[in-house]
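Just so it is clear: in the sequence shown, position 39 is 39 by my numbering, and no numbers are missing.
Check the hints yourself; a few may be wrong.
Ranges of calculated distance between the beta carbons of each label pair, as one might list FRET restraints [claimed, not checked]:
| hint | residue 1 | residue 2 | range |
| --- | --- | --- | --- |
| 1 | E329 | R84 | 44 to 54 Å |
| 2 | D180 | R337 | 38 to 48 Å |
| 3 | A97 | E225 | 42 to 52 Å |
| 4 | E91 | V223 | 45 to 55 Å |
| 5 | R174 | E311 | 35 to 45 Å |
| 6 | E106 | P49 | 37 to 47 Å |
| 7 | D51 | G309 | 37 to 47 Å |
| 8 | A168 | E225 | 19 to 29 Å |
| 9 | D171 | D104 | 34 to 44 Å |
| 10 | E225 | D37 | 43 to 53 Å |
Because the hints were derived from the structure by calculation, they are not lab data.
Ideal Cβ positions, reconstructed from N, Cα and C, are used throughout, including at glycine.
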Amino acid sequence: MLFTPEAHEALVDEPWSSDRARAAIAAVVTEAESAFDDGWTLHPLDAEPGDDPGTRFRSLYLGGAGVVGALDSLARRGFVELARDYVPYLERSLDAAPDFPADDAERSLWMGETGIRLVAQRLAPSRANLERLSELIAANERDERCELMWGSPGTILAGRELGLDVSASVDWLREQRDADGLWTQHLYGQTTRYLGPVHGFVGCALALGEAAGVSQTLERYAVVEGGLVNWPALPGKRLDENGDGVIRVQWCHGAPGVVATLADVLDEELAVGGGALTWRAGPLRKGASLCHGTAGNGYAFLALLERTGDELWLERARAFAMHAAGQVERTRSEHGRGRHTLWTGDLGTALYLADCVEGGGKPPLLAVAGGRRP
């Protein structure tokens with residue numbers, strides 16, 4: 001078995017509707033704008049034990065910079081009109097206390113100042129901001145975490161979007177690659193090696209922007225069964241060896257993230273097998289989000305559409321989009337509020353819905369890598 005059935009739910013029988021998708025996007029944006037109060041408070045589903053429910057994170061992954069970046073993208077693409085200017089909020093965020101002061105997060109793309117400044121540079125470019133971004137990205141050149149969320153792979157992607165010279169970071173990251181083709185992460189006080197995009201091999205390979213040995217390495221760790229393909233979170237481990245016994249089939253760990261991120265360099269049979277598994281498993285019960293939800297998984301189908309040209313993958317992506325829209329609405333009703341984040345909440349799902357309307361696209365991470373729709 002390549003997935004845990006209990007982690008997934010049956011796909012809703014709802015035909016694709018561009019109007020329905022646009023209405024869902026508009027509802028997410030309207031709710032987010034109405035909830036704005038110098039940022040957005042932490043959603044209960046994102047809170048850790050002991051967190052203050054009034055916490056307003058400001059960075060890219062869980063915070064306001066990610067929300068603002070998504071709102072701006074949707075507005076520029078003509079899906080919504082925004083009620084306010086968020087540049088002053090981003091400027092205040094740069095002067096505020098960091099979200100994660102104990103984790104050396106200043107340089108991080110997803111958790112620190114770099115991500116906030118990247119969004120600010122998209123909305124209101126300035127030489128001073130660009131110079132500070134250049135300093136942060138250069139300072140992260142040799143970050144030992146060797147992963148996307150905190151380390152140099154994330155800041156390499158940001159630097160590329162900004163047109164900065166990241167060759168020193170790329171050279172250093174390439175040198176850190178282990179003999180078996182993977183990277184070692186020194187993360188959260190532990191030394192480990194992950195495969196997926198957020199913390200491991202796939203994110204590092206994306207940052208390098210080269211295909212050398214990538215497909216061969218992923219083929220070595222693939223688990224194949226009846227034409228379906230999945231990857232464990234940790235190389236050499238069983239698929240269910242995750243502490244809770246649940247096999248991961250999501251963007252951050254498992255086939256969807258591998259395919260969504262590297263379909264263009266993967267052996268096509270492997271890529272299609274990963275997409276077929278994602279479809280067979282069905283939408284995630286966890287919700288609609290990008291990082292570990294239905295929308296993130298759907299990006300594997302859009303990647304396969306681009307790779308193969310087969311419209312079947314667009315049909316599947318849009319089927320997941322309809323399901324994700326319903327999940328957002330259900331969660332909003334259950335909690336009496338939206339989930340205002342880019343990677344774990346409603347705004348990432350809105351971007352996915354927009355891409356399905358337009359007939360193709362990539363997750364925000366890959367959009368940074370290619371400078372798409374800044």
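Could you check the hint for me, namely that A97 and E225 are 42 to 52 Å apart, CB to CB? Roughly 49 Å apart at Cβ, these two residues keep to the hinted range, so it holds.
Check the following: the C-beta atoms of D180 and R337 are separated by a distance inside 38 to 48 Å. Taking Cβ atoms as reference, D180 and R337 lie about 46 Å apart, which means the hint holds.
Range hint 45 to 55 Å: satisfied by the CB atoms of E91 and V223? About 48 Å separates the Cβ atoms of E91 and V223, which means 45 to 55 Å holds.
Is 44 to 54 Å respected by the C-beta to C-beta distance linking E329 and R84? For E329 and R84 the Cβ distance comes to about 24 Å; the hint is violated.
Does the Cβ distance between E225 and D37 fall inside 43 to 53 Å? Hint holds: Cβ distance 49 Å, inside 43 to 53 Å.
Holds or violated: 37 to 47 Å for the Cβ distance of D51 and G309? At 46 Å between Cβs, range holds.
So does A168 sit 19 to 29 Å from E225, Cβ to Cβ? 42 Å, violated
For the hint 35 to 45 Å, verify it against the beta carbon of R174 and that of E311. Check passed, 37 Å falls within 35 to 45 Å.
Outcome for the supplied range 37 to 47 Å, where the beta carbon pair is E106 and P49: 25 Å, violated
D171 versus D104 beta-carbon gap, inside 34 to 44 Å or not: 22 Å, violated
Figure legend: structure checked against the earlier numbered hints; hints not met, in rising order: 1, 6, 8 and 9.
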